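So the sequence shown is numbered by the working numbering: it starts at 170 and just counts up by one.
None of these hints come from the bench; they were simulated from the model.
Wrong hints could be hidden among the right ones.
[Unchecked claim] Label pairs and their calculated CB-CB ranges:
#1 Ile323 - Ile253: 48 to 54 Å
#2 Ser195 - Leu435: 40 to 46 Å
#3 Asn377 - Asn280: 33 to 39 Å
#4 Ser417 - Gly346: 26 to 32 Å
#5 Phe212 - Asn322: 24 to 30 Å
#6 Gly423 - Tyr207: 45 to 51 Å
#7 Ile323 - Glu181: 34 to 40 Å
#8 Pro345 - Thr285: 36 to 42 Å
#9 Glu181 - Val242: 27 to 33 Å
#10 Cys428 - His307: 24 to 30 Å
#11 Leu232 - Ile261: 20 to 26 Å
Since the model is a prediction, treat every value here as computed from it, not as a measurement.
Quick reminder that beta carbons are idealized off the backbone N, C-alpha and C, glycines included.
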Amino acid sequence: NEVNVEIVERNEYMPLWFTLSCANLSNSNALQMANYFYETNLFVASEPDFMEKRMQQCANDLLFENQWGLKNVNQNDAIYNYDINYCEASAITNGREDIIVAVFDEGVDLNHPDITNIHHFSFDTENGISPSEMYGSHGTACAGIIGANTNNNIGIAGIAPNSPIMSISNKFEATPGAVSTLSRGIVVATNNGASVISNSWKMSTYSNLIEDAIETATTRGRGGKGCVVVFASGNNNEPYVSFPGSLSSVISVGAISPCGERKNPLSCDGENW
């Protein structure tokens, strides 16, 4: 009565706890009133009931809470909700068995414990044979973002774990015939049923051969509907979109920071390289 607050309830399960309400007529706001009651020394504890946005646990994967791009709840001082609405999207779809995603990269670890939906076909463009090879870790990381097994209590949550991952490998080295091997990878993925071809790489110069390979994918893939072809826009804070991401027939993907900025040396995540 002295400070004009109202007793809302006594906790049914913890009867020593009471909930108080600070209406417009109370002497101070909830934070100040909690401090006031505690300083009377009449109570063991007194705290404001902060209304926090709780982590929506739509995936139990060990590292899910670190995946701010999927579910951004201010991890590391990020800005809430700069994400891909993963929880809402996964309630609609987690991919489909007949939508195959080809990851054209350094090769995917075909025995990775958290990437279990591997397509039966894989291909190495360097040697022109199946299965694919492993020339580095980048391809596995990309494949995990796309299709890591979800709700298995390990690793990360993939965006579309129900869609098989097709591994297409290349060394991405400046060697004779390198452009030919790159074009081969795109067409091989197309001819073997890929619906989406993910390419986290770029070229420093334009190539008619690569554009022709991409046109083959975007016009003949998926039974004539055309593959969805995705390329990286480029690295190093370049002020332009690199080839082949610059082609109108592909989807070019850049990066943002956890604060919703275009990735740059001054973005909030401190990744200034």
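Here is how each hint holds up against the structure:
1. Ile323 - Ile253: 48 to 54 Å: violated, 22 Å
2. Ser195 - Leu435: 40 to 46 Å: At 44 Å between Cβs, range holds.
3. Asn377 - Asn280: 33 to 39 Å: Holds, at about 38 Å.
4. Ser417 - Gly346: 26 to 32 Å: holds, 28 Å
5. Phe212 - Asn322: 24 to 30 Å: Since the Cβ atoms of Phe212 and Asn322 sit about 40 Å apart, the hinted range of 24 to 30 Å is violated.
6. Gly423 - Tyr207: 45 to 51 Å: Between Gly423 and Tyr207, where Cβ atoms are some 49 Å apart, the hint holds.
7. Ile323 - Glu181: 34 to 40 Å: holds, 38 Å
8. Pro345 - Thr285: 36 to 42 Å: holds, 37 Å
9. Glu181 - Val242: 27 to 33 Å: holds, 29 Å
10. Cys428 - His307: 24 to 30 Å: holds, 25 Å
11. Leu232 - Ile261: 20 to 26 Å: Cβ of Leu232 to Cβ of Ile261: about 23 Å, so the range 20 to 26 Å holds.
Taken one by one, the earlier hints fail for this structure at numbers 1, 5, listed in ascending order.
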